[in-house]
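J.: Residue-level listing of the chains:
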Amino acid sequence: MHPQRKKRLVLVLLVVFGVGVAVALALGALRQNINLFYTPTEIATGVAPEEARIRAGGMVVAGSVRRSSDSLDVTFDVTDGAEQVTISYSGILPDLFREGQGIVALGRLNQDRVLIADEVLAKHDEEYMPPEVAQALEKVEHMKVDGYTPPAAN
Amino acid sequence: MNWSFFHKLGSPKWFYDISGRWLPWFAVAGVALLVVGSIWGLFFAPQDYQQGNSFRIIYIHVPAAFVAQSCYMMLAVAGVVSLVWRMKLADVALKCAAPIGAWMTFVALLTGAIWGKPTWGTYWVWDARLTSMLILLFLYFGIIALGQAISNRETSAKATAVLAIVGTVNIPIIKYSVDWWNTLHQPATFKVTAKPAMPVEMWLPLLLMVLGFYALFTVSLLMRMRLEVLRREQKTRWVRETLEKLS
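Taken in order, these protein sequences are the chains called H and U.
Take the first sequence: its position 111, counted from the start at 1, is 111 in the numbering used here, and no numbers get skipped.
Take the second sequence: its position 117, counted from the start at 1, is 117 in the numbering used here, and no numbers get skipped.
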């Protein structure tokens, strides 16, 4: 390769490397701010700020959804496998909301460490399958455990 | 290694001839793939067990997002060639591909928003994947604007090449955003290391659509580049002869 071109190529690579390092350091410093939500463990251990609007994310615990009979009020627990957080919400839940589904709720923690949410979003997972396959899988799961167990939080 | 192919690329006339021969093949392949892929995906692929029919937007969303990112990688490679080897055709490719990439990014963002409302409950959320994709759109806008703002061809080529190269830092961020941070956007369904989290009757039409989008991208890029080459070389004899033959 021509020495002049080689010099320019090295220069270009150095610039890319330098910018890459700078961006990596910046993102590392902003690490927590880029996360969309706090996990229940982070809320339980006090990483998440109180008295501020935060997002909490996790799987809806099976059997924890309690709906009010005369209003749209609903409370439910979310878990990340280790800790749980109770979320209280008033409004229409997204179509994908169900037990075992990942959700993200935006709101404030009150004194009892219940998240009073004003927005609940459903998180979709990367699994796609036809309904018949999903039913067949469920059937197999039921035969295996022979009775009721809560859907595994994955 | 044989570099003659690479050096021939420096000749606009050679590019004009060879691209004219390639173009019909890519056009036919692109149309066939897109027609078969979209009919298969929209009418014959099974529904999703959770999302029902709304998941079918994947057949536009994923190919557009793939091409948007690949196109940016191509811009960066063209930028390096243009800076290091001072090849004018690389600058033509960079300038012509940027608007196509911007449109692909826009389509990916738009279809994602349309899908997000029924699935997530919101059109937009400032999570890492969506934000980094929006930054990609702004990078494309920056490259287009910078290229148009500088009238001197050589300076404009250098400036856009530098911006295209620096912007590649964003590409791995888009790719790994769903793994590095908590996001609302789900992780990748297709990974090199694992089986796709989707049955074959769903991903086969998607594969056709992805290939179709790449063919469509190639066709529009070649057409734009051929026009730009003619415009830049309009004073040369071969362009005048070509245009005379056409009219």
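Hints are computed from structural coordinates only; laboratory data are not their basis.
Here the structure is a predicted model, which means the values were calculated and not measured.
Keep in mind that a hint or two might mislead.
Result set (EDC-like, lysine to aspartate or glutamate): computed pairs, CA atoms no more than 16 angstroms apart in a straight line [said to hold, decoys possible]:
#, chain 1, residue 1, chain 2, residue 2
1, U, LYS117, H, ASP80
2, U, LYS191, U, ASP179
3, U, LYS13, U, GLU241
4, U, LYS175, H, GLU126
5, U, LYS117, H, ASP112
6, U, LYS191, H, ASP125
Computed beta-carbon distance windows for the label pairs [as the list claims (entries may be wrong)]:
#, chain 1, residue 1, chain 2, residue 2, range
7, H, ARG31, U, PHE138, 20 to 26 angstroms
8, H, ASN110, U, GLU201, 23 to 29 angstroms
9, U, LYS117, H, ASP125, 15 to 21 angstroms
10, H, GLU138, U, VAL162, 51 to 57 angstroms
11, U, ARG86, H, ASN33, 17 to 23 angstroms
12, H, MET1, U, ALA32, 39 to 45 angstroms
Sample of chain U residues lacking proximity to chain H, with all beta carbon distances greater than 12 angstroms (derived) [said to hold, decoys possible]:
#, residue
13, LEU9
14, LYS13
15, GLN69
16, SER70
17, LEU184
18, GLU201
19, ARG240
Every residue, glycine too, gets a C-beta built ideally from N, C-alpha and C.
J.: For every hint, state whether the structure bears it out.
T.: Hint-by-hint comparison with the structure:
1. Taking the CA atoms of U/LYS117 and H/ASP80, the gap is about 25 angstroms. The hint is violated against a cut of 16 angstroms.
2. Restraint check for U/LYS191 and U/ASP179: the C-alpha separation of about 12 angstroms stays at or below 16 angstroms, so the hint holds.
3. A hinted pair counts as satisfied when its Cα atoms are at most 16 angstroms apart, and U/LYS13 with U/GLU241 qualifies at roughly 11 angstroms.
4. The straight-line distance between the Cα atoms of U/LYS175 and H/GLU126 is roughly 15 angstroms, inside the 16 angstroms bound, and the hint therefore holds.
5. Taking the CA atoms of U/LYS117 and H/ASP112, the gap is near 32 angstroms; set against the 16 angstroms cutoff, the hint is violated.
6. Straight-line distance between C-alpha atoms of U/LYS191 and H/ASP125 comes to about 14 angstroms, which keeps the hinted pair within the 16 angstroms bound.
7. Checking the proposed 20 to 26 angstroms range against H/ARG31 and U/PHE138 shows it holds: the Cβ atoms sit about 23 angstroms from each other.
8. Taking 23 to 29 angstroms as the suggested C-beta distance range, the pair H/ASN110 and U/GLU201 does not conform, at roughly 48 angstroms.
9. About 18 angstroms separates the C-beta atoms of U/LYS117 and H/ASP125, a value consistent with the hinted range of 15 to 21 angstroms.
10. At about 55 angstroms, the beta-carbon gap between H/GLU138 and U/VAL162 stays in the expected band of 51 to 57 angstroms.
11. Checked against the given bound of 17 to 23 angstroms, the beta carbons of U/ARG86 and H/ASN33, roughly 42 angstroms apart, lie outside it.
12. Distance hint check for H/MET1 and U/ALA32: the Cβ-Cβ separation is about 41 angstroms, which falls inside the suggested range of 39 to 45 angstroms.
13. Taking the minimum C-beta to C-beta distance to chain H, about 15 angstroms, the non-interface status of U/LEU9 holds against the 12 angstroms cut.
14. Residue placement check: U/LYS13 keeps its beta carbon more than 12 angstroms from all beta carbons of chain H (closest about 23 angstroms).
15. With a closest Cβ-Cβ approach of about 17 angstroms to chain H, U/GLN69 is found to remain outside the 12 angstroms limit, as its non-interface label requires.
16. Every Cβ of chain H is farther than 12 angstroms from the Cβ of U/SER70; the closest lies at roughly 18 angstroms, confirming the non-interface assignment.
17. The claim that U/LEU184 lies off the interface is violated: its Cβ sits roughly 6 angstroms from the closest Cβ of chain H, which falls inside the 12 angstroms cut-off.
18. Look at U/GLU201: its CB is around 8 angstroms from the nearest CB on chain H, not clear of 12 angstroms, so calling it non-interface is violated.
19. A cut-off of 12 angstroms between C-beta atoms confirms that U/ARG240 is not in contact with chain H; the least separation is 33 angstroms.
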